[in-house]
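Protein chains in written order, with the numbering used here: chain W, 44 to 503; chain F, 663 to 929.
It cannot be assumed that every hint is accurate.
Claimed, not checked - Calculated cross-link-like contacts (lysine to any residue; reagent style SDA-like; alpha-carbon spacing at most 25 Å):
id, chain 1, residue 1, chain 2, residue 2
1, W, Lys349, W, Asp388
2, W, Lys116, F, Arg809
3, F, Lys742, W, Lys349
4, F, Lys811, W, Ser115
5, W, Lys349, W, Gly153
6, F, Lys811, F, Lys742
Claimed, not checked - Covered by chain F, according to a simulated footprint, are these stretches of chain W (three or more residues, beta-carbon under 8 Å):
id, region
7, 124-133
8, 303-312
Please keep in mind that the hints were generated in silico from the structure rather than gathered at the bench. These figures come from a predicted structure and were not determined experimentally. The C-beta atom is built at its ideal place from N, Cα and C for all residues, glycine as well.
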Amino acid sequence: MGARILRIELRRSVALWAALVIAATGVFVLFASNEPYGSWMQLVIVSRDIMQLTWPLGLAAGAWQALRERRSKVEELMATTPRPRWQRVLPVANAMAIAAVTAYLVMLAGAAGHVRHIDGYFPLGAIPLIALGALAMVGAVWLGQAVGALLPSPLTAPMLAVVGFVGLAVSPMIVAQDSRDRGAVLLFPYLQGPRDGGFALQMLSTRANLVQALWFAALAATGLAVFAASRPGTRLAALLPVVLGAAIAVPAMPRTLSDAWVEDRRATEAVCTDDEPTVCISRLHSYALDSMRGPAREALSVLARKLPPGPTRVLVGNDGTPGPQPADTLIVYVTLIESTEYTADTLVEIMLDGAGVPPCAGQVGIDPNEPATRELPPEPDPRYVGARQAVTAWLLDRRPPPATGAKEEPEMALARQAFDTLAALPLDEQRARVAAWRDAERACSDGDRLELLVGTGETG
Amino acid sequence: MVRAVSAAETAATTYAWAIHAEALRVRAGRRMAVDGLDLSMDTGVHGLLGPNGAGKTTLVRSIATVLRPAGGTLTILGEKVNGRIDLRALRRQIGYLPQEFGYYRRFTVREFIEYIAWLKEMPAAETPAAVQRAIERVGLTDRADDRMKTLSGGMVRRAGIAQAIVNDPRILLLDEPTAGLDPDQRLQFRALLRDLGTDTCVVVSTHLVEDVAAACTDVVLIDAGRLVHQGVPADLAAAAGQDSGAGDSAAERGYSAILRRHRETQS
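The shape of chain W in the complex, shown without the other chains (with noise of 0.2 Å):
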């Protein structure tokens, strides 16, 4: 009996109508707000954090519910029937928590057409944050229709979407106004994501995702336990979960939110192709390995035939530190701008250049053991860069381009230079030269590398 009343509730009372708004409201937020989404976590990071929004409008989802038999003057037959008032608001306070757990599912899945790789690499750390913020939005609709039961006026559900929405944007402020980094910010039905940016290979600890579980789970249930009491003396006692949640919750969480977010380290481990030729690449950006196959194979058999025995893997890094290189493995620094589609040849030009050999952080200037900053790096030695262009040049037959613009980049018109040199070099000695300095280059000595390559004087 329980369930058909269920579905009438769910059919009939606002539940529907709730899910759809927020839903709506959720989709719109996150296709508005941002670019599209490179990864999966930076989506659901994101759906946490537009919390700010959704969780007031479940607030007044619950208040509007809570209205209903005060606008619909049943007050007076209700109160004649015998069952207990908590067993009467069970089906509609089910059919809120049912609509609240949809809208945020529906949300997500409707703001998936903006993530831009869907088959892409979907983290294990998502799956909490998601059960966590469909918990949070129970919270919502149930908190909403016990104040809407308290204060059963047309104005209570307007109220609390604004007043919810202006009290989460202020209040941290207020919690952590002298550390943006306060671990209580956690308590908050919303989410900020990892303070560096980095959405995409990082999760919640399991203590942050324990603690927000007991925390959100207090507040549903205070929530329903005042929307169901009858009495004061038992609304009172309502209040015992949250005071009991907020005993346990605050001292257990994680100091700052720095602490909270943690490394996901299956999102950076390589994985790789089963066949030959082996390409590597972070979990990351998995997505990208069928597209890599090819020129990979291209890479490496170019690389076989100018620079025998050449290397047998291909590892795309998107980061990481350049140290001395293995001889069998071309490593590849695919900056994998998400937006940016890579024709094949393209990939195998990135692949061959510098002959496969990352460049040397001490020489293009950048101090590896200084954390990158986002201001701009210093501007490469031309020599060092036109010696690199000249070997890619020369892996791939192609000489560098002459200048089509009044103003040509010095490294450019080395490297042209430097290719004219080799090539007029007889061809053994040609492979010599490159290879000399493909070994200075994985072992980043120190040197000029044009010397290195073209080395007669008459450079510079």
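Please arrange chain F on chain W, whose structure you already have, making use of the hints.
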């Protein structure tokens, strides 16, 4: 019409009256609207008459367990409702149509009555049939799956009666049930009342003397919170006598005559 019989009903009756009030006092707001009422009612259709403000609605609400008595005793189905007793078992056996009948506009007729049946803790297995029966008895079969908000005023009233009778109550309280019904529906309603009155204590509060004369087995006339007269409807017409009281029918003339005589003796 076969009605469902619950275990509680087949138990031997241990009380003399379905509703029994002794020196009953019930407050409506600050006013003592029922003030020293003595009344007994059992199976049958009881027409509750009285001028505006006589305390009809307050009496009905106290029998419906909305209001607690402020004094005296009120015994319903053998249960004294004055103390802090658990009203749950009692409420299962009451049907109530409030004067201002509220409903959920978005529910269909069937859903709303099913919802009330659930609130009345009817066994789940019996509910769908009971709901259908109640809808048929008030003549809303063809509108059963329409939303409540699409019903006319008279249909809403009938839906209100349907929700009141869905649990086959032993006490059925109808406050102004005929408001908004057209003449034909009133006739059908009177037939329904007579039918219900064979095994239920029906209390109908109304202004319409002819409804009472036509459909009730018992007339209860109250004024200023006290019982003025109780008897069969024929008494009303008889009371008119040679008296030329106001009214178009004998019953109406009797009603105003009894009321006038009562007020004369009081003053």
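Cross-check of the supplied hints:
no. : hint                 : in the structure
1   : Lys349/W to Asp388/W : holds, 18 Å
2   : Lys116/W to Arg809/F : holds, 17 Å
3   : Lys742/F to Lys349/W : violated, 106 Å
4   : Lys811/F to Ser115/W : holds, 11 Å
5   : Lys349/W to Gly153/W : violated, 50 Å
6   : Lys811/F to Lys742/F : violated, 39 Å
7   : 124-133              : holds (count 5)
8   : 303-312              : violated (count 0)
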